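The task is simple: from the sequences and hints, build the whole structure.
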Amino acid sequence: MAHPESKSELFPTIGQVVDETDQQQEAKETQDKDQADEDNEEGPVTEIESLCMNCHEQGMTRLLLTSIPFFREVVVMSFRCEHCGFSNNEIQSAGTIRPEGVVYTAHILTREDLNRQIVKSETCTVIIPEFQLTIPPSRGQMTTVEGLLRDVATDLSQEQPLRKIQNEVAYTKIQAILDSIKAVLADHDDEEEEAEDAVGPVKPKPKAAEVDLPMKPFTLKLDDPSGNSFIEFHKSMSDPKWNLRTYHRTRQQNVDLGLISADAEDEAPKIDDADQLPGQGLEGENEELFVFPGTCSSCGHACNTLIKKVNIPYFKDVLIMSTNCDHCGYRDNEVKSGSAISEKGKRITLKVEDADDLSRDILKSESCGLQIPEIDLVLQAGTLGGRFTTLEGILDQVYEELSVKVFVDTKTDDGAVEGFLAKLKECKNAERQFTIILDDPLANSYLQNLYAPDPDPNMTIETYERAWEQNEELGLNDMKVEGYEGDPNQEDKGQAVSKAS
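Per our numbering, the sequence shown starts with residue 23, numbered consecutively.
Just so you know, the hints here were simulated from the structure itself, not pulled from any lab data. Since the model is a prediction, treat every value here as computed from it, not as a measurement. Hints are all accurate, no fakes.
Listed below are the simulated EDC-like cross-link pairs for lysine to aspartate or glutamate, each with C-alpha atoms no more than 16 Å apart in a straight line: (1) 368 / 461; (2) 366 / 461; (3) 257 / 448; (4) 238 / 168; (5) 338 / 383; (6) 373 / 461; (7) 204 / 173; (8) 229 / 209; (9) 368 / 388.
The structure is reproduced here in structure tokens:
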């Protein structure tokens, strides 16, 4: 016969069952609430039912508010349709428009670089010069370099059969771009045909970064006037294959971004009314702005060159020349001396210790050479022409010029070029101390003294006598500045008569 206690355990009363059930339900609700709070702290995701534009069934859109390291806060939107498998994603900036536009440049040299993440806003233009490809602003997107190329290949391939019949010229040009992209992605036409003929879900293609095949290097540029785009760098901002440049937006770009009204264009100051231009030069004769009509060296259309005389404190007068073509967008600026030729040359040496030194104003004339001994950088006279910028700006220009030209063939230098550019970028970002030397035989270059009029403890200025070879190269040996008023032919005849007598 069974014990009475064992019977009560096997057949509990209804009250005991209710109590135990309530306790279990409360524990489960507490656990679910704690788990939901943890999920919200990691990254709150909002789900919204949306119409699928592919099959017209109901899909799901997920919104995530997140922050990208070294960038800013963004809103990531992802759509997925369980009926047809269509998916799409888009990204929008959650911050304000930056005061300046940005140009990100990444040199894609190896397949590992195809994994770099990209944030492309709806105002960003993507440029790949090697493919002669320019993607105009479109929807915002968060992807990788490989994902961007696959999207481009998919979009361009859709109308190719129709283009082949209607416009064979356009078909040939687009097909050349597609062939270049497929070579990078390691895709083949036969694989695509098999995928089209296959029944059921298509197997995903292997990542191009994992394929063991050679790849032709190329350059990827993101030009965003709103400053809300980004390309991932490796390890740190000293990545030699990555560069960031900022620029001032044009009036039309401000209009396109909605920052100013297009109707306010008539209220802008005109070039002819130079006296009313804000911020132009100092007082007195420096306010005059000269306009010289000419032709654009890029497209041949008529354009104006603006020349302004500016006085640099504790230095001399200089002429700033600026050319801007409204037809093709070509821009150029240069600085020339507005004073007499100095009797001696000048050598300026500055020890750069921190980021404050990078903000010093610098005037590098076209006759000035630049050196940084710590990284073996030597720029001959004439390189970059005349520039009036900051020390950081001149290093940015040197980096951009070298990174575009030296990354053409990086397979034969055993990483020497990449190592040199990494050192240059460390100097540009003030991550290491270095010495910069400006050697100008005409003494037309200038480096700002932060302690002026007192001497700068980190700067040394030397004057020296020019050698005969330097004067000959500059054309000073044959220059006649006295007694040139008379007729040279008449003087030659007089000398001949005196010798004959």
